[in-house]
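Protein chains: 4
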Amino acid sequence: MMIVVMKADAGVKQTGAVITKVQQLGFEPHLSQGEKKTIIGMIGNGAKFDPQTFLAMPGVENVVPIQQPFKLASREFKKASTVVSLNGTRIGGNKIVIMAGPCAVESRDQLFKAAEVVAEAGASVLRGGAFKPRTSPYSFQGLGEEGLKILREAGDRTGLAVVTEVMSPMDVDLVAAYADILQVGARNMQNYSLLEAVGKITKPVLLKRGLMSTVEELLMAAEYILSNGNPNVILCERGIRSFEKYTRNTLDIAAVPVIKNLSHLPIIVDPSHATGHRYLVAPASLSAIAAGADGLIIEVHPKPEEALSDGAQSLHPEEFAELMSDLCRIAQAVDRVI
Amino acid sequence: MMIVVMKADAGVKQTGAVITKVQQLGFEPHLSQGEKKTIIGMIGNGAKFDPQTFLAMPGVENVVPIQQPFKLASREFKKASTVVSLNGTRIGGNKIVIMAGPCAVESRDQLFKAAEVVAEAGASVLRGGAFKPRTSPYSFQGLGEEGLKILREAGDRTGLAVVTEVMSPMDVDLVAAYADILQVGARNMQNYSLLEAVGKITKPVLLKRGLMSTVEELLMAAEYILSNGNPNVILCERGIRSFEKYTRNTLDIAAVPVIKNLSHLPIIVDPSHATGHRYLVAPASLSAIAAGADGLIIEVHPKPEEALSDGAQSLHPEEFAELMSDLCRIAQAVDRVI
Amino acid sequence: MMIVVMKADAGVKQTGAVITKVQQLGFEPHLSQGEKKTIIGMIGNGAKFDPQTFLAMPGVENVVPIQQPFKLASREFKKASTVVSLNGTRIGGNKIVIMAGPCAVESRDQLFKAAEVVAEAGASVLRGGAFKPRTSPYSFQGLGEEGLKILREAGDRTGLAVVTEVMSPMDVDLVAAYADILQVGARNMQNYSLLEAVGKITKPVLLKRGLMSTVEELLMAAEYILSNGNPNVILCERGIRSFEKYTRNTLDIAAVPVIKNLSHLPIIVDPSHATGHRYLVAPASLSAIAAGADGLIIEVHPKPEEALSDGAQSLHPEEFAELMSDLCRIAQAVDRVI
Amino acid sequence: MMIVVMKADAGVKQTGAVITKVQQLGFEPHLSQGEKKTIIGMIGNGAKFDPQTFLAMPGVENVVPIQQPFKLASREFKKASTVVSLNGTRIGGNKIVIMAGPCAVESRDQLFKAAEVVAEAGASVLRGGAFKPRTSPYSFQGLGEEGLKILREAGDRTGLAVVTEVMSPMDVDLVAAYADILQVGARNMQNYSLLEAVGKITKPVLLKRGLMSTVEELLMAAEYILSNGNPNVILCERGIRSFEKYTRNTLDIAAVPVIKNLSHLPIIVDPSHATGHRYLVAPASLSAIAAGADGLIIEVHPKPEEALSDGAQSLHPEEFAELMSDLCRIAQAVDRVI
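Protein chains in written order, with this note's numbering: chain Y, 81 to 418; chain H, 81 to 418; chain P, 81 to 418; chain G, 81 to 418.
Treat each hint with caution, since some may be false.
Said to hold, decoys possible - Pulled from the structure, derived: some chain G residues nowhere near chain P, Cβ distances all over 10 Å:
| # | residue |
| --- | --- |
| 1 | Q113 |
| 2 | K116 |
| 3 | P145 |
| 4 | V163 |
| 5 | E196 |
| 6 | A201 |
| 7 | G202 |
| 8 | T282 |
| 9 | K383 |
| 10 | L388 |
| 11 | C408 |
As the list claims (entries may be wrong) - Capping the alpha-carbon separation at 25 Å, the derived lysine-lysine pairs in DSS-like fashion look like this:
| # | chain 1 | residue 1 | chain 2 | residue 2 |
| --- | --- | --- | --- | --- |
| 12 | Y | K116 | Y | K93 |
| 13 | P | K325 | Y | K340 |
| 14 | Y | K283 | Y | K159 |
| 15 | G | K325 | Y | K325 |
| 16 | P | K159 | Y | K325 |
| 17 | G | K325 | H | K325 |
| 18 | G | K159 | G | K283 |
| 19 | G | K87 | G | K128 |
| 20 | G | K325 | H | K159 |
| 21 | P | K325 | Y | K159 |
| 22 | P | K340 | P | K116 |
| 23 | H | K325 | G | K159 |
| 24 | P | K340 | Y | K325 |
| 25 | Y | K128 | Y | K87 |
| 26 | P | K159 | P | K101 |
| 27 | G | K325 | H | K340 |
| 28 | Y | K325 | P | K325 |
| 29 | H | K325 | G | K340 |
| 30 | Y | K101 | Y | K116 |
| 31 | P | K101 | P | K116 |
| 32 | H | K325 | P | K325 |
What the hints contain is simulated information worked out from the structure, not anything from laboratory work.
Just so it is clear, CB atoms sit at the ideal spot from N, CA and C, and this is done for glycine as well.
Chain Y with its partners taken away, still in its complex shape (with noise of 0.2 Å):
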């Protein structure tokens, strides 16, 4: 993919005769407007051409080939890290953002207790599954639109943005209209019908990486809701399969400066899915914010024991009220906050 980079001081009417030259030539234009440069993507397989042809065009600075397999998520495209804006929250900016709450959304008392809990202890996000992927056809697999309706009000009440699971292509739009963040599941990272609809819709999405799959197939992920034209996307960290058996998955904690070399776009991590234990999700946070993560996913749950799922995994209230005091200390010992 060749991009074309404007200079600084380029006007609306250079930067729209680029574009209109660049679907001239058959390629689909991708426009990045950062804070002192705009940059026009050439997406697709159109007509062989002279750089020069864009060179010569006023407002022109350069043209530039993206080496990476994943172009529109790549460092070279855009050099200034994405930050994601929802209602107050930013995604991807100095502040740390943490999302916690429960694996899966079980009742109205059950979420309304688990937001309380989280928005007081300093959390943004609440999390909180309506539809749950599950290994057996027989366990519960959420409470769907029902557990959407709880989710959306619990977030309402406390103040907290709201994210959530969606399974299906055709349950895009019915969670898109509860949820603030649209999360796609380690299981669904190579599910592309599904990866197409979350990229048609403009609502941000956290995009987990397969316990199975490498970081470039998660940026080649990426690419595919990039490309559909949702900039906003939110990559996560939530472990990978390994031989190691102490731990539910194994948390490739380098992965977040990998990322963060690679590519613009914000990096969370998921202690909770990472180790499977309870008693290891502080060092797992605190290492994650240390190696660089822009905020944490965890499970919070008001009694973890009761559990639907995950209970092993899930903080007690006031594990994570003393977890996010730990978190302080390490976000400004990384000259960050939360």
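Please arrange chains H, P and G on chain Y, whose structure you already have, making use of the hints.
Positioned in the frame of chain Y, the structure of chains H, P and G alone reads:
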């Protein structure tokens, strides 16, 4: 899950009474009629009951629990191996089934030529992708419905059944209108919306093992299809991800006898994706049959060097013909035929 | 294995009587004197006995079995964290220990320069390989004893302790004559002859986790050293093999708190081998301390681009100095010092 | 590394002159005399030289570089497959070699019985461990030299060659005094001191792939033995570590044709350790021969349920006899004999 095993001489009326009782208790009955015995599985969360309730009914031989996490897919539930029939082809019986063809349907010419080649060499199913799951959104994504039409036509001309991938629950009806077998690809093995959708049709489903999924997870995925009502599931081992670099994936050959032991479902092997190199397809194919596989799905292309995808692992027509002859000898050595 | 726990006020005579009884029963006694309590482990296959035999003896508080497969290495056996002391340096206490230096001792000049650099930046142990385990027999294999001499001299000049690898049981005495800490490398983690040999000396042993070994296997390897009589074992997480390709290995950061939970032994992290890239060493180091590691072993080379091995993952002197200052801040945030 | 290929009609004198020149340039010459041609490998870091130096010498046909990281082990260096001979047995030729016996030598009775059983069923090599590498220092570690004596005696009585593991460079002479083939176990595949020690004897070495090692690393380990002067190396695929849990390890069946392609060394398969379950040994064995393996090493125990180690994966005598008969049929189907 509990199953009710009927006596060999139990009649329709007795079986019907048991089914009614199962429903009254709040379970969904799953009927499996073997050559000798009829079994009724009790799916879902019904009322607690005393096994005596059933043991006291005429025609009932036994009531037993299934210990495995997968139920309908287990040999505990159904001792006799399942044979999936489509037109003249039977998958899972003594005859080994060979599916072959190009990775993707690229054109009428290419596919017709491929179909002739594989039919002549003795294959009974033609493979070819119309919807292609590609890591990059910028790679060739398949011809879509146009590809399905070509595939159907090629199958009809040569008398081959056709198998092709379906990637989205929204496309299941479309693909089922053209294909004899619907493939769920490795990346979608835990795409539960898709599994449920193919579970609601009756055409056979070829379910490929995810490249980092355990055998148990594969059988749980099959359980989603079976529990939605479609008993015609064919499993496929296609290589798992490991650290070894000389092969694209690592063919888990032991998965074949492991699955034969755990499940009654037929299991075939994909030596092309499992190895990723043309020179390895033949030894991998021979080893699969020696290990007890019920069939193979092999990439064959009239001109591999011109293939739009997977050229490096596609056999030339003459290589495929030679392999078929070698396979006959191995099949004989394990008392099977091709 | 059973352990006999002595009362806090038990005297030497009472402990001695228990030891004698243990021997009479055919076991080998292993003594662990904690600050508060003394514990006697009973190793080997002795006679069956009634716990009452010991409970009736004066000074005995309890007799309990150790459930873990590793015994002397477990927290069940010894609750208090082990602190390995060498000269002034204590490993496993509140102070975090930094070991640093080049992959290999290449020359007097190179090592003296490296030693100065790491000493000045605040490290307390100098690393440098004299015997190098190399994948190819044609690669640089290290300077051997000449390297050991240089290493010793560099340590003495700068006041640093020195750590270096031993690859064969036949070299243990030689290496122990020069080094303060003997390293058993990842490839030799299950070289039992070597483990037994370093178990028979008293100098501290740095035991690196094999790149595809589980934590349990690491602790079992430590058990070989401990059961041969050497209590001074320092564990090291240095990355495990996975399918991810952007990093040389996958740093299993959760192994740090997992090991802290299972064992009393100190655990340090090698961010250089774990990641394989210079730009990842700093974030990996920070995350290790945040996760609770007792120290780090970092590759630093005066001129990484001229290194005979591992240049790409070695820090420049100024990078190391900067990292040390960042580490101080993280250490403070988890109530430790460097 | 460069190799000098001599003309088919080159005489001893001409070859000698080349060897002298190689030495003069500072390389160590490695001679490989094939049926048709003689090849001289130039090992080590000698002086730079113009290929013309050799091309101008009488009897020299060509001077070519070896591209693979492994040199003496590569097919580039030696096109014809190596056949390792010991007494009457030839390993690597058309005849498939079967090695069988118990995991460990437990007693005279046990081993003599096992030897009779495997000899009668048609095996040509007896296996049995005298030095056992065990994960736990508290497990049975083998009978040591006493075990070697029993093994030798059992071999002599039945006319079987014997293979047994050596774990330490210090034991190489001792083990070589009793065994016909020395095994380097999976855990020691990168124990370079041991590889060098077995490289300095002439008895055949059975080198097992590490459960965490790539094929390239296996061939590099073989290179250590070859470059130390011992050309009699037999490779063994014995399963690698993966995430799959129904098998002890994952048999990497494709490694067989991969190695056949890369190297001239014989390669056998260990279906017992690769699968870990008795019911999988037969299908794994059949698949190995179908894939082109030169032999098998199978655990057989007179009474598996009483075995001190690996009982669950050891065949009963009658199972082994039946397997041998099935193997004959598969061997025939790939034009080989047993």
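Hint by hint, here is what the structure shows:
no., hint, result
1, Q113, "holds (22 Å)"
2, K116, "holds (27 Å)"
3, P145, "holds (13 Å)"
4, V163, "holds (24 Å)"
5, E196, "holds (31 Å)"
6, A201, "holds (33 Å)"
7, G202, "holds (34 Å)"
8, T282, "holds (18 Å)"
9, K383, "holds (22 Å)"
10, L388, "holds (13 Å)"
11, C408, "holds (36 Å)"
12, Y:K116 / Y:K93, "holds (17 Å)"
13, P:K325 / Y:K340, "holds (16 Å)"
14, Y:K283 / Y:K159, "holds (23 Å)"
15, G:K325 / Y:K325, "holds (11 Å)"
16, P:K159 / Y:K325, "holds (23 Å)"
17, G:K325 / H:K325, "holds (22 Å)"
18, G:K159 / G:K283, "holds (23 Å)"
19, G:K87 / G:K128, "holds (24 Å)"
20, G:K325 / H:K159, "holds (23 Å)"
21, P:K325 / Y:K159, "holds (23 Å)"
22, P:K340 / P:K116, "holds (20 Å)"
23, H:K325 / G:K159, "holds (23 Å)"
24, P:K340 / Y:K325, "holds (16 Å)"
25, Y:K128 / Y:K87, "holds (24 Å)"
26, P:K159 / P:K101, "holds (24 Å)"
27, G:K325 / H:K340, "holds (16 Å)"
28, Y:K325 / P:K325, "holds (22 Å)"
29, H:K325 / G:K340, "holds (16 Å)"
30, Y:K101 / Y:K116, "holds (23 Å)"
31, P:K101 / P:K116, "holds (22 Å)"
32, H:K325 / P:K325, "holds (11 Å)"
In summary, the structure agrees with every hint in the numbered list given earlier.
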